[in-house]
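Start from chain A and add chain B according to the hints.
Chains A and B supply the protein sequences, listed in that same order.
Mapped onto the working numbering, the consecutive letters of the first sequence carry residue numbers 1 to 101.
Mapped onto the working numbering, the consecutive letters of the second sequence carry residue numbers 1 to 469.
Hints in this document: simulated from the structure, not taken from any laboratory.
Only a predicted model underlies this, so the values are computations on that prediction, with no experimental measurement involved.
Even for Gly, the Cβ is constructed at its ideal location relative to N, Cα and C.
Be a bit skeptical, because a hint or two may be false.
[Unchecked claim] Simulated coverage check for chain B against chain A, where a stretch passes if three residues somewhere in it have a Cβ under 8 Å from a Cβ of chain A:
1. 223-233
2. 428-442
[To be verified] Label pairs and their in silico Cβ distance ranges:
3. B:T192 x A:G54: 20 to 30 Å
4. B:K235 x A:D97: 19 to 29 Å
5. B:T192 x A:E93: 23 to 33 Å
6. A:G46 x B:G451: 12 to 22 Å
7. A:D97 x B:R256: 41 to 51 Å
8. A:Q74 x B:A365: 49 to 59 Å
9. B:E82 x A:A25: 45 to 55 Å
10. B:G186 x A:G54: 17 to 27 Å
11. B:R166 x A:T82: 37 to 47 Å
12. A:E93 x B:G222: 25 to 35 Å
13. A:E62 x B:A398: 52 to 62 Å
14. A:Q74 x B:R195: 28 to 38 Å
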Amino acid sequence: MENTAPGNATGLHGQVVGTIVTSLAEATQLDPGTIGEGSTLFDELGLDSTTVLGLLMAIEEELGIEFETDSLEQHHFESVGTLAAFVEVQVVEQVPDLAGA
Amino acid sequence: MDFNERLKSALTGAPDTSLVLLGNFEVEDQWARGETGLPRLAFGSDSVIVNRMDEFALLLAGKSDHVVLKTAPDSDFLAYLEDLGFDLPGILPVARNDPRNLVTEDALADPALLTELGVLGAEGAALSAHGVSELEERLAATAGIALAAPSAATCKAVNSKIYSRRLADALGIRQARGWTCDDVAGLEEAFTAARAVLAAGRPVVVKDAYGVSGKGIELVEGERRLDRLLRMITKRAGQAAGGRLGLVVEEWVGKRADLNYQFTVGRDGGVRFDFVKEALTERGVHKGHRIPARLTERQVSELKDVSGRLGESLAADGYYGVVGVDAMVDPDGGLYPVVEINARNNMSTYQAAIQEAFLGERAAAGTTALVRQYPLRLTRPLPFGSLRDVLGDLLFDAPGGTGLLVNNHATVNAAAPASAEPADATDRPFAGRLYGVVIAPSAERMTALDGEIGRRLAALGERSSPDVA
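The following block holds chain B by itself, in its conformation from the complex:
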């Protein structure tokens, strides 16, 4: 069975169920509603780009599946993926893409799409989301299609960082010293303990229970900043109904590497370890993964054992589906096997088909990959055909080749001004992201290719917007 079939088995009990996939990235923002944590300051073009991460779902789906997307993908991009041998699913674009909306919200506002989902549901298809909040539950109920997931309430509960810490504690799994806070009294207690950590010369980190992708994490190195943060949070908690809080405070510990591993919990409670990757982060923000992770057999074996124990507990708490766990390697090679549990799809989940096709047993020995995102600055939308010309020989375009395999094109142009805006607005530079996997026959070649791709894409920005630093 390939990953697509294993996923279907875990979610529905059968490897041939037809799925309708929904890439509602940053579902945490929905789970965080009604919870008080760190101030949420999501400004800039981040959210419109994140909303177009929906296109990753294309490569999680198989030929018998469907994917709901905010817009139909660039036809040259689809042809590129097909030429690489991927079996593409049916595509269900929403009638109106509001860039600020999650794909789920756009789908809910599209009566014709809801009808189509209902027809697919009647034929036996099930809806499978990146993560499940009340919005996805509403979409499934409104359209009349089964949701291949536990309830939104269960998904929310097991995705809280408070749940992660308490579960790891209960299972005796090594963690950085820390404290969970679900009310103001707990927060004050945790901050008192944090003051002692700071006084001993070690930083602390304050995490929002539903933070994602580096957001909602604040590194604190002095008491003055800690006091300010405490005032800010207690004020917000006082203003919120019920004063409910969701925060974790931890001692900052040294690390050699960040890891991300994935396992899948079946409806029957069975747990299967999928893979481990070495995460690349820059200032706390996820930048990509290195495949294979530089780990010993013993370290991998420890992660498999932890996966089994976490999976068993998650199943007992009513969860089934994909689980990604962030972990760390300490400077001496010891593991912190649980930094946080993300009981939803992860970025890595969407790379499984690429791994199976080009990095698995069929790949030549030494083949190494770097899952990357490159920042772009553009003054006009960049169609896939033009991107292909820019990358030239750096594009991975055939099995056995080397270069960048592009696995999302929608995020490139997501923040482009709408064509309806005035002419001067359409020349305004905008940010974009190019996601892909750099595949190379050796680690050295991979690093060199990554540098060259980065330079070529940066030059593209300089050419298109010479007036911007």
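Chain A on its own, in the form it takes in the complex:
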């Protein structure tokens, strides 16, 4: 594989954002086309405490990672972008093959 580092970052970032958007669209029954990186999860997308666990498990299944649920904090859930940043770190730590693909 000849990808450059920035290219890898963009690829992983794009994959993580795509996974989050798809999972969010399923959890909230919104059109995925209306969800962007800047979308706030609770205020704009209407995510609530009853749907957040299902969202996390869908992301885990899709990316092959496991969250330490007790380490999740409010700021990770501000927006699609902040959640993606947190998830990317988990992917790099837990699935280095996927992160480097």
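What follows is chain B alone, placed relative to chain A:
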């Protein structure tokens, strides 16, 4: 006796005891401390709004009572309630409202309020909370006021979903097939049974023993998700001291309707059935109630019988006070009389005065009500006077009228950015909730009014925040 007097009789033995009410909603979060269940992920503005549900206590209180609140209510809202004929209590606002805190925590941090509660206690008043945890016990002990409730330990024990299932089993009451888990071995056993249910093509539901309001409930439709959940829970249980668990696993059953009924257990062990309402839920989250519930006399009679038996057992286990029970009607009209027992005040408890005043025997035949919460999106706080203007003729503002009777205004602006925040933050859209009861002369009119109120409130959000989808 009205409900306020019956409540006082049940809690203190006398209908004229002065109560100090405390609306510590979602007391389950306190009971859940030290228990391992589903991961608790309460983010967003939910908790700051829930903490302002304290204002519901206004209509549970009578003139001789007091209510501890996180802030003094909007004066126009108080005038509105008084114009409707409600006898309002004395109001004891805390010195400092921390939006993230329960009203009990704010009260504990207010020495002047503690002194005032002590004076009321010395005069014979008793503290009555939405539900009793160690925090409310501490508040009563610190202030020197009697707590009109059993111990926090008793309240916690009888509010576990494990207790509900075991009691209903012991009394031979019909339930969905299910399993209780209080340790990892029990969890693995329950999940093995759940796999068989999934293999037969039926979903299962995993419930936290102290979940509330749709939180801590996970619907599982495939084995892969069940395995993931099992890993997540066992990992958390392994990390927690003692590895103690509190979960219930049940087969998902079909239903035609959700019900909520309430009875009151007196200190003397007497049980009184209060009412039954048809619950409206959306994706498992409680959205309100329809009054009257669409039930046959036989169904109501069955619920009264179950109330008597549950109440007797709860009394034997040391509980007295309000008990709300969630139930279901199956697609064939049969009842699941116990889905869960909530031995604390319920949303319905706070509507009793409204029911007595506007929906009871004095109401015209056909009068129907829908207890609702409307989501709001605002960019600036909405005082009650402005809300009144927005609702206009849709506001219930006189006995015999129709429209929305607002019974909590604090939740509207609970999540507004603090005025001390920078100017750009104060324009940030925030979520709010408007709670009320839509009262109408017929079910058709009620549905139409509900739709119109929803549209008018949604338009308010569009006007105030055109840049937000």
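Check each numbered hint against the structure and report the violated ones by number, ascending. Failing hints: none at all.
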